[in-house]
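Chemist: Protein chains in written order, with my numbering: chain A, 1 to 309; chain B, 1 to 534.
It is possible that part of the hints are untrue.
As a list, the in silico BS3-like pairs of lysine-lysine whose alpha-carbon atoms are at most 27 Å apart [stated by the list, open to error]:
(1) A:Lys63 x A:Lys282
(2) B:Lys156 x A:Lys266
(3) A:Lys65 x B:Lys156
(4) A:Lys165 x A:Lys245
(5) A:Lys142 x B:Lys156
(6) A:Lys198 x A:Lys164
(7) B:Lys82 x A:Lys264
(8) A:Lys63 x B:Lys82
(9) A:Lys142 x A:Lys266
(10) A:Lys165 x A:Lys248
(11) A:Lys291 x A:Lys142
(12) A:Lys202 x A:Lys248
(13) A:Lys291 x A:Lys304
(14) A:Lys248 x A:Lys160
(15) A:Lys240 x A:Lys291
These stretches of chain A come out as covered by chain B in the derived footprint (C-beta under 8 Å, 3 or more residues) [claimed, not checked]:
(16) 67 to 77
(17) 113 to 122
It is worth saying that the hints were derived from the structure and are not from the lab. Yeah, the Cβ is synthetic: ideal placement off N, Cα and C, and Gly gets one too.
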Amino acid sequence: MRTHLSDPGQDVSNRGGPVARWRPALVAGACLAALSWAGQARAAAPAAPAACQALQAQYPQFKGKTLVNAINPHTPGYEALDPNDPSQYIGFDIDLGETIASCLGFKMAYKSVTFAALLTTLQSGQADIVISDIYATEERAKAADFITYSKVFDGVLVAKGNPKKITGINTSMCGAAAAENTGYVEVPLIQGLAPACKAAGKPEASIQLYDNNASCIQAILAGRADTYVNDVNTVDQAVKAYPDKLEKATAVTLPYSVGIAVPKGKPEFRDAVMAALVAIQKAGIQTTLLKKWSLGEENLETPKLIVSK
Amino acid sequence: MELFLHYLSLPYLLRGIGFTVAVTGLGLAGGLVVGLILASMQLSRFAPLAAIARGYTVIFRGTPLILQMVFAYDALPHIGLKLSAMGAAGLALAANEGPFIAEILRSGVLGVDRGQVLAGQALGMTPSLLMRRVIAPQAIRTMVPALGNESVSALKNSSLASVIALEELTLRSTQLASSTFDFFSIFFASGLIYLGLTGAIGAIQLTVERALDLDRPPGQRGLARWLRWQRSSPAATAARPDAPALAAAAAVAAPAISQARAAGERAAALAGHDVAVRITALCKNYGEQVVLDELDLTIRKGEVVALLGPSGSGKSTLLRCINHLETWDAGQIRVGGRRLGYRPDGQLMSPRDLANERASVGVGMVFQQFNLFSHLSALENIAGPLRWVHGLAPADAERRARQLLDRVGLSQRADALPRHLSGGQQQRVAIARALAPNPSVLLLDEPTSALDPELVNEVLDVIRRLAIEDGLTLIISTHQLRFADEVADRVVFLSGGSVVEDGPAHEVLSRPRHPLTARFLSVMGADAPLKVGS
Numbered sequence: 001m002r003t004h005l006s007d008p009g010q011d012v013s014n015r016g017g018p019v020a021r022w023r024p025a026l027v028a029g030a031c032l033a034a035l036s037w038a039g040q041a042r043a044a045a046p047a048a049p050a051a052c053q054a055l056q057a058q059y060p061q062f063k064g065k066t067l068v069n070a071i072n073p074h075t076p077g078y079e080a081l082d083p084n085d086p087s088q089y090i091g092f093d094i095d096l097g098e099t100i101a102s103c104l105g106f107k108m109a110y111k112s113v114t115f116a117a118l119l120t121t122l123q124s125g126q127a128d129i130v131i132s133d134i135y136a137t138e139e140r141a142k143a144a145d146f147i148t149y150s151k152v153f154d155g156v157l158v159a160k161g162n163p164k165k166i167t168g169i170n171t172s173m174c175g176a177a178a179a180e181n182t183g184y185v186e187v188p189l190i191q192g193l194a195p196a197c198k199a200a201g202k203p204e205a206s207i208q209l210y211d212n213n214a215s216c217i218q219a220i221l222a223g224r225a226d227t228y229v230n231d232v233n234t235v236d237q238a239v240k241a242y243p244d245k246l247e248k249a250t251a252v253t254l255p256y257s258v259g260i261a262v263p264k265g266k267p268e269f270r271d272a273v274m275a276a277l278v279a280i281q282k283a284g285i286q287t288t289l290l291k292k293w294s295l296g297e298e299n300l301e302t303p304k305l306i307v308s309k
Numbered sequence: 001m002e003l004f005l006h007y008l009s010l011p012y013l014l015r016g017i018g019f020t021v022a023v024t025g026l027g028l029a030g031g032l033v034v035g036l037i038l039a040s041m042q043l044s045r046f047a048p049l050a051a052i053a054r055g056y057t058v059i060f061r062g063t064p065l066i067l068q069m070v071f072a073y074d075a076l077p078h079i080g081l082k083l084s085a086m087g088a089a090g091l092a093l094a095a096n097e098g099p100f101i102a103e104i105l106r107s108g109v110l111g112v113d114r115g116q117v118l119a120g121q122a123l124g125m126t127p128s129l130l131m132r133r134v135i136a137p138q139a140i141r142t143m144v145p146a147l148g149n150e151s152v153s154a155l156k157n158s159s160l161a162s163v164i165a166l167e168e169l170t171l172r173s174t175q176l177a178s179s180t181f182d183f184f185s186i187f188f189a190s191g192l193i194y195l196g197l198t199g200a201i202g203a204i205q206l207t208v209e210r211a212l213d214l215d216r217p218p219g220q221r222g223l224a225r226w227l228r229w230q231r232s233s234p235a236a237t238a239a240r241p242d243a244p245a246l247a248a249a250a251a252v253a254a255p256a257i258s259q260a261r262a263a264g265e266r267a268a269a270l271a272g273h274d275v276a277v278r279i280t281a282l283c284k285n286y287g288e289q290v291v292l293d294e295l296d297l298t299i300r301k302g303e304v305v306a307l308l309g310p311s312g313s314g315k316s317t318l319l320r321c322i323n324h325l326e327t328w329d330a331g332q333i334r335v336g337g338r339r340l341g342y343r344p345d346g347q348l349m350s351p352r353d354l355a356n357e358r359a360s361v362g363v364g365m366v367f368q369q370f371n372l373f374s375h376l377s378a379l380e381n382i383a384g385p386l387r388w389v390h391g392l393a394p395a396d397a398e399r400r401a402r403q404l405l406d407r408v409g410l411s412q413r414a415d416a417l418p419r420h421l422s423g424g425q426q427q428r429v430a431i432a433r434a435l436a437p438n439p440s441v442l443l444l445d446e447p448t449s450a451l452d453p454e455l456v457n458e459v460l461d462v463i464r465r466l467a468i469e470d471g472l473t474l475i476i477s478t479h480q481l482r483f484a485d486e487v488a489d490r491v492v493f494l495s496g497g498s499v500v501e502d503g504p505a506h507e508v509l510s511r512p513r514h515p516l517t518a519r520f521l522s523v524m525g526a527d528a529p530l531k532v533g534s
């Protein structure tokens with residue numbers, strides 16, 4: 001039994017307002033076991049385009065449902081708590097998800113998990129969709145189907161003054177300690193430097209694995225790690241928070257796309273989400289959202305499917 | 001500092017406490033249930049149950065809680081069991097706490113003095129009654145500190161539920177830190193909240209310990225009263241010195257017995273009495289060692305029999321076999337014509353039926369180490385079993401208990417705990433307790449051996465009175481030769497698990513026929529030689 005204590009997105013067209021109130025309550029007595037929690041988003045999604053009416057007619061099975069979006073809300077700009085009202089999640093991914101939900105007529109609830117647990121949570125059925133700045137790689141496509149929506153630009157976060165003179169994911173990282181989150185695509189990229197480092201006669205880069213951005217940033221602030229490579233916007237946010245202590249060494253392009261993950265074996269849902277995303281892009285809504293969150297319009301990418309063969 | 005206070009009072013974080021407390025509560029409550037089941041399986045008589053419990057313990061105590069949480073949350077849905085985050089976290093925490101709590105319960109139960117369990121069995125208490133009235137009340141007291149510890153640990157462990165999306169304090173803190181970058185203010189605030197919660201558990205633990213403390217004055221005891229089932233009334237405090245009672249008893253005893261002539265008449269009268277206990281060809285081994293070897297013994301109603309013999313001659317074992325506290329390998333024991341502990345078809349009874357039969361046949365037992373229920377007052381040691389086993393009304397049980405305490409000269413110590421009584425006083429209470437249900441036979445297993453010499457007489461005086469005034473059938477194993485001579489009708493000398501010599505007390509003690517008896521008596525009686533009389 002699942003009890004949703006929150007009532008997300010009562011009126012998604014009410015832009016910017018406190019749309020729904022998060023009502024925490026403890027169900028008394030024996031019902032405790034059944035208690036679950038789902039956070040909710042401050043829905044700031046623009047009105048759904050006209051094409052959505054047709055999609056709702058085509059996919060009526062999602063209308064009125066509440067679906068669970070598993071997120072790793074440690075990435076300000078994409079998904080994080082609203083510092084002014086921690087009961088709400090905000091960010092580009094949140095807005096995009098809410099727009100897709102409103103386009104298809106369902107409501108979105110949120111479940112906060114570690115980055116490495118995003119796809120596991122989806123696979124186990126504890127979540128219905130993952131929109132959490134996750135890169136759609138072939139490897140991950142074995143666990144879920146992906147609909148891509150954004151290009152990947154990474155930033156290289158270093159301590160102020162870049163003492164190790166790191167210039168990207170290259171031999172300048174040899175011998176450095178890199179903080180990364182478990183399951184991040186940057187991990188194998190940095191590990192892949194080993195032969196090049198060896199050839200250059202330098203020690204390998206070491207990797208410290210954490211489970212959220214905050215811990216990675218702390219690792220640099222505490223002097224434990226020399227660098228943290230992640231989405232450029234995340235890196236910019238960190239530099240903004242600690243302008244005296246951190247800086248972005250450089251930006252790099254990774255050969256990946258950011259994707260929405262949906263469970264395997266649910267082609268109708270996948271197609272519906274993809275169609276909604278296409279409609280949203282065509283209506284210019286994604287561009288608006290990218291601007292709103294200062295993410296750069298060049299991130300936009302035409303949706304494509306990444307499924308394992 | 002300002003930020004710290006801001007986060008300390010932030011409703012978002014404070015609401016996380018609810019989830020933390022709820023999952024901890026679920027884990028502890030479920031863990032207690034699992035622990036009770038595991039502990040009873042491990043303590044059970046059936047080996048396969050214990051093995052299953054052991055296996056469970058190995059797995060759930062031996063794997064990290066974080067894996068168990070992820071398993072409950074992400075793996076169980078694959079077999080169709082989709083629990084909420086709270087449900088999965090509660091389940092995993094309960095499954096993990098279970099073995100730890102089981103060990104606490106088990107050590108609490110095993111920590112209760114084995115002698116008290118034996119005494120309860122001898123009083124006819126069934127296993128469940130023993131658990132409820134004797135073992136649990138004492139075990140709970142010793143378990144409180146460990147359970148407090150376990151609760152604190154469960155509360156801290158609940159933070160691991162953050163990996164399975166349970167919005168408890170830790171997950172909320174890390175999310176908030178990610179979005180605000182105020183790491184330290186937030187973690188200090190949540191750390192302080194955790195401290196508050198664990199502090200509260202510590203306070204509860206101390207309160208419970210205090211409330212259960214038996215040594216606090218009765219008025220402030222609260223919970224302890226509930227666990228002790230003590231009843232006190234003004235009459236209990238009426239002081240009454242016990243010296244006169246003892247003196248009176250001694251006065252009655254001395255002249256009554258030493259008359260050989262009277263003894264002869266008594267022996268003749270006893271010979272016509274019904275058989276109280278008949279033991280035939282009793283054999284018992286501990287592995288290679290023979291403890292009882294084809295032992296035969298018949299005891300008539302009203303007879304007072306002293307069992308003598310060196311240590312290891314089988315005296316205690318024989319006494320324990322008579323009320324079936326021990327099993328034996330061959331032979332028969334009949335008490336009042338009944339084979340105690342056997343069904344009509346010759347099969348062994350269940351422990352529960354055996355207990356009920358002990359109560360109905362009425363074989364009382366007094367132990368060397370007294371074995372009083374240490375959490376109960378002197379009065380309750382006597383009145384409790386009367387209510388629980390024999391179904392007496394509380395008022396009747398108390399009246400009977402006070403009457404018996406009066407007889408053993410301890411009415412003014414009715415409300416004292418055993419640990420506040422001297423050894424002699426404890427043994428007198430134990431005798432009163434054994435007498436309370438009016439047993440047909442009373443077994444006394446070296447009743448004065450554990451006493452300081454100056455306390456021996458007060459106990460012997462009480463026994464002497466029982467023998468003389470009540471005409472009770474008594475079987476006493478003892479090393480007190482003079483006492484045996486005064487009180488016993490018959491002396492049975494055991495050696496190597498069989499009867500070596502058996503005859504009228506004074507005769508055997510003064511003119512032993514068997515060399516083993518003679519040697520034993522000369523060693524024992526060296527410092528207090530018996531008068532060889534008429």
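Chemist: Would the pair lysine 198 of chain A and lysine 164 of chain A pass a check requiring their Cα atoms to be no farther apart than 27 Å?
Modeler: holds (18 Å)
Chemist: Just to be careful, I want the Cα atoms of lysine 65 of chain A and lysine 156 of chain B compared with a cutoff of 27 Å; is the pair within it?
Modeler: violated (36 Å)
Chemist: Is the straight-line distance between the alpha-carbon of lysine 63 of chain A and that of lysine 82 of chain B 27 Å or less?
Modeler: holds (23 Å)
Chemist: Would the pair lysine 142 of chain A and lysine 266 of chain A pass a check requiring their Cα atoms to be no farther apart than 27 Å?
Modeler: holds (14 Å)
Chemist: Starting from lysine 202 of chain A, check that the Cα of lysine 248 of chain A is at most 27 Å away, please.
Modeler: holds (24 Å)
Chemist: Check the hint pairing lysine 142 of chain A with lysine 156 of chain B against an upper bound of 27 Å on the C-alpha distance.
Modeler: Roughly 36 Å between the alpha carbons, so the hint for lysine 142 of chain A and lysine 156 of chain B is violated.
Chemist: Quick one: see if chain B covers the region 67 to 77 of chain A, three-plus residues with Cβ-Cβ under 8 Å.
Modeler: holds (count 5)
Chemist: Within a Cα-Cα threshold of 27 Å, do lysine 165 of chain A and lysine 245 of chain A meet the stated pairing?
Modeler: Status holds; Cα separation ~15 Å.
Chemist: Would the pair lysine 63 of chain A and lysine 282 of chain A pass a check requiring their Cα atoms to be no farther apart than 27 Å?
Modeler: holds (22 Å)
Chemist: Against chain B, does the region 113 to 122 of chain A show at least 3 residues with beta-carbon separation below 8 Å?
Modeler: holds (count 5)
Chemist: Compare the distance between the alpha carbons of lysine 291 of chain A and lysine 304 of chain A with 27 Å, and conclude whether the hinted pair is satisfied.
Modeler: holds (22 Å)
Chemist: Take the C-alpha atoms of lysine 291 of chain A and lysine 142 of chain A, compute the straight-line distance between them, and say whether it is at most 27 Å.
Modeler: violated (33 Å)
In summary, the numbered hints that this structure violates are 2, 3, 5, 11.
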